[in-house]
Amino acid sequence: MITRRDFLKSASSAALAASAARPVLTWAAGDSTLPVPGKEGLIVRSYRFLDLETPVEYFNTWITPAEHFFVRNHMHEPATLDPSDWKLSIGGEVDKPYTLSLAQLSKLETHSVVNTLECAGNGRAFQNPKVPGVQWQKGAVGTGRFTGPRLRDLLERAGVKATGKHVMFRGLDEVPGRVPPFIRSIPIEKAMHTDTLVATQMNGTALPKHHGFPARALTPGWVGAASCKWLTEIKVLDKEFEGNFMNPGYRWPNHPGKPGEAVKPEDTHPLTALNVKSLIASPGDGSTVHSGLLHVQGTAWAGEGDVVGVEVSTDDGRSWQPAQLGSERAHYAWRLWNFQWKAKSGDYAIAVRASDNLGHTQPTAPVWNQSGYLNNAIDQVRIHVKA
Amino acid sequence: MSKLSSAVVGLAALLAVPVVRLQPTSSSDLPEGLLQAKTTAACTECHEARIIVQQRLSKAAWTKEVDKMIKWGALVEPQDHDPLIDYLSTNFGVDKPEYVADRIASVRQKKTKK
Chain A
1 MITRRDFLKS ASSAALAASA ARPVLTWAAG DSTLPVPGKE GLIVRSYRFL
51 DLETPVEYFN TWITPAEHFF VRNHMHEPAT LDPSDWKLSI GGEVDKPYTL
101 SLAQLSKLET HSVVNTLECA GNGRAFQNPK VPGVQWQKGA VGTGRFTGPR
151 LRDLLERAGV KATGKHVMFR GLDEVPGRVP PFIRSIPIEK AMHTDTLVAT
201 QMNGTALPKH HGFPARALTP GWVGAASCKW LTEIKVLDKE FEGNFMNPGY
251 RWPNHPGKPG EAVKPEDTHP LTALNVKSLI ASPGDGSTVH SGLLHVQGTA
301 WAGEGDVVGV EVSTDDGRSW QPAQLGSERA HYAWRLWNFQ WKAKSGDYAI
351 AVRASDNLGH TQPTAPVWNQ SGYLNNAIDQ VRIHVKA
Chain B
1 MSKLSSAVVG LAALLAVPVV RLQPTSSSDL PEGLLQAKTT AACTECHEAR
51 IIVQQRLSKA AWTKEVDKMI KWGALVEPQD HDPLIDYLST NFGVDKPEYV
101 ADRIASVRQK KTKK
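Residue numbers (the working numbering), protein chains in the order written: chain A, 1 to 387; chain B, 1 to 114.
Hints in this document: simulated from the structure, not taken from any laboratory.
Keep in mind it's a predicted model, so treat the numbers as computed, not measured.
By construction, the Cβ of each residue, glycine as well, lies at the ideal position given by its N, Cα and C atoms.
Please note that the accuracy of each hint is not assured.
[Claimed, not checked] Some chain B residues near chain A, calculated using beta-carbon distances under 8 Å:
(1) C46
(2) H47
(3) R50
(4) A61
(5) I85
(6) N91
(7) Y99
[Claimed, not checked] 20 Å max Cα-Cα, derived SDA-like pairs, lysine to any residue:
(8) A:K130 / B:N91
(9) B:K71 / A:P181
(10) B:K71 / A:E174
(11) B:K64 / B:A42
(12) B:K64 / A:W62
(13) B:K96 / A:E174
(14) B:K71 / A:E242
If we strip away everything but chain B, and leave its shape as in the complex, we get:
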């Protein structure tokens, strides 16, 4: 870690950076299934599950996306390639209901909740 990074981390610690909780909800979590854990491991290293959950794609389109992501560094064992595509196209296919996005909560709302 550079001197600057160390200084910033130190400063952040001094300023008591809030620990914010991200809740895996029905709208942002990957659903249960044999490939849930492997998909989570392969994809969420770089981006959160919400990026996947909002898609509504055909199997052909999912295949292109998965192959692109493997090229970009997603770790998928050869034997998991086809089951992973099946998992994604089953859960996030074109026939699934419309995705409903969350909105950013205000800090005030958060405090009120607690």
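Same shape as in the complex, but just chain A:
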């Protein structure tokens, strides 16, 4: 168990590291990539803003270590974060607005949620036709144990008025030019859910800077954009927040059309929960393996639902066999899965599909939308088996 003293100590260390290790960027010849301490091996979608993807072969543990966890930033990370200066305000449609310091926040009762966090744009690179945005392939997803006070407790202390219908989060990320700030809101029902947190810890230690130090919203089962990082303001609103990242950003068509078709903004609604999805972590796409017993492994998740089955096909989707689900489980977390297959020499397409308790099974093709969100099409790898 982490004591308050331990947390504040690690928070201070994290803040110091965040400030001290901030690299000075210069454009010069000589090196081909920029080290990002603690994130070695991740796929670079962008350095500025920092967007890093996890290679699928790293998905062999139920909890994703922080150093392997993807990073999705819309803006520049806060240049400085001093835990002694940080404040969190709670206001808007409440009776008693108030402000908390990190020391005060850390005194509150905490709750832990193991949650699979996925960027809504994960899989965008596979949309056809191509759509603009960070070209995530498979790894803008990870599972962490998030710990912190319940958002509900913070809101109840302020006394939410009957007019309070949505809860807005504002972070400390630094906005360039006239870019709209990354502000979004969630409905009051989700905000008051006992599993929605103001997380101050990830995997048992203070949140790393790239993941929102010192506190982030954790809206479990929902798209990553609902879990605002570097949280500094919680505001109860009488209606959904109106801003770029609520509309036209992060919306889903009411009636998905044909690929490439334009959808009118009024025919869309905000993204909320993740959909059912699975990935093959091993063997890797394009790899060559020896014939014999082959362990096909991966992960499967379902947002607010539960994964009830994972099936694997080794014959290009003509037949499907059940995979064995791992024993580690939590409501919002992915399940590891494993499938043993006696592989004979030849070339194969291995595919995986998951089903959830809400009756959904992954589709063969992504549901078309203009931003490439929630691509949960069946994952497939091609391998060569040699004798």
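Here the structure of chain A is known, so what remains is to put chain B in place on it, guided by the hints.
Chain B in isolation, oriented as in the chain A frame:
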């Protein structure tokens, strides 16, 4: 600069913050062309070229993106608007080969290289 910012900058200097070099490579640099310099100036004020280089978009989609970015503060002279869209859709159109991303190098690898 605030007192806190000054203190952090001072601390960072004392701790000899490493100067890290970013290499414009074929995967992260904007290609040659009449609009290379103007595109670099207009776009990389806020984000690096890699964000552009990984896109594969039609001319219509590039037009929407450029107009959105101008609204968000990208400085593009009116006479450069259409040539800039041509430059982007020519170099990062739907017919271009798949973009291959870099991976974060380890500090150990960096030291070994040197």
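Given the hint that B:K71 pairs with A:P181, does the C-alpha gap stay at or below 20 Å? 14 Å, holds
Just to be careful, I want the Cα atoms of A:K130 and B:N91 compared with a cutoff of 20 Å; is the pair within it? 15 Å, holds
Hint status (Cβ of B:R50 to nearest Cβ of chain A, threshold 8 Å): 5 Å, holds
With a cut-off of 20 Å on the C-alpha distance, tell me whether B:K71 and A:E174 pass. 18 Å, holds
Supplied contact hint for B:H47, tested at 8 Å Cβ to chain A: It holds, given that the least Cβ distance between B:H47 and chain A is near 6 Å, below 8 Å.
What's the verdict on B:K96 and A:E174, does the C-alpha distance respect the 20 Å limit or exceed it? 33 Å, violated
Satisfaction of hint between A:W62 and B:K64, Cα-Cα up to 20 Å: Not satisfied, since the Cα-Cα distance of roughly 40 Å exceeds 20 Å.
Minimum Cβ distance from B:Y99 to chain A below 8 Å? 7 Å, holds
Please verify that hint: B:N91, Cβ, nearest Cβ of chain A, below 8 Å or not. 14 Å, violated
Holds or violated: B:I85 as interface residue toward chain A, Cβ cutoff 8 Å? Check failed: Cβ of B:I85 comes no nearer than 13 Å to chain A, outside 8 Å.
Is B:K64 close enough to B:A42, meaning Cα to Cα at most 20 Å? The hint holds at about 16 Å.
Between B:K71 and A:E242, is the straight-line Cα distance small enough, at 20 Å or below? Given pair B:K71, A:E242 holds - Cα atoms ~17 Å apart, limit 20 Å.
Taken one by one, the earlier hints fail for this structure at numbers 5, 6, 12 and 13, listed in ascending order.
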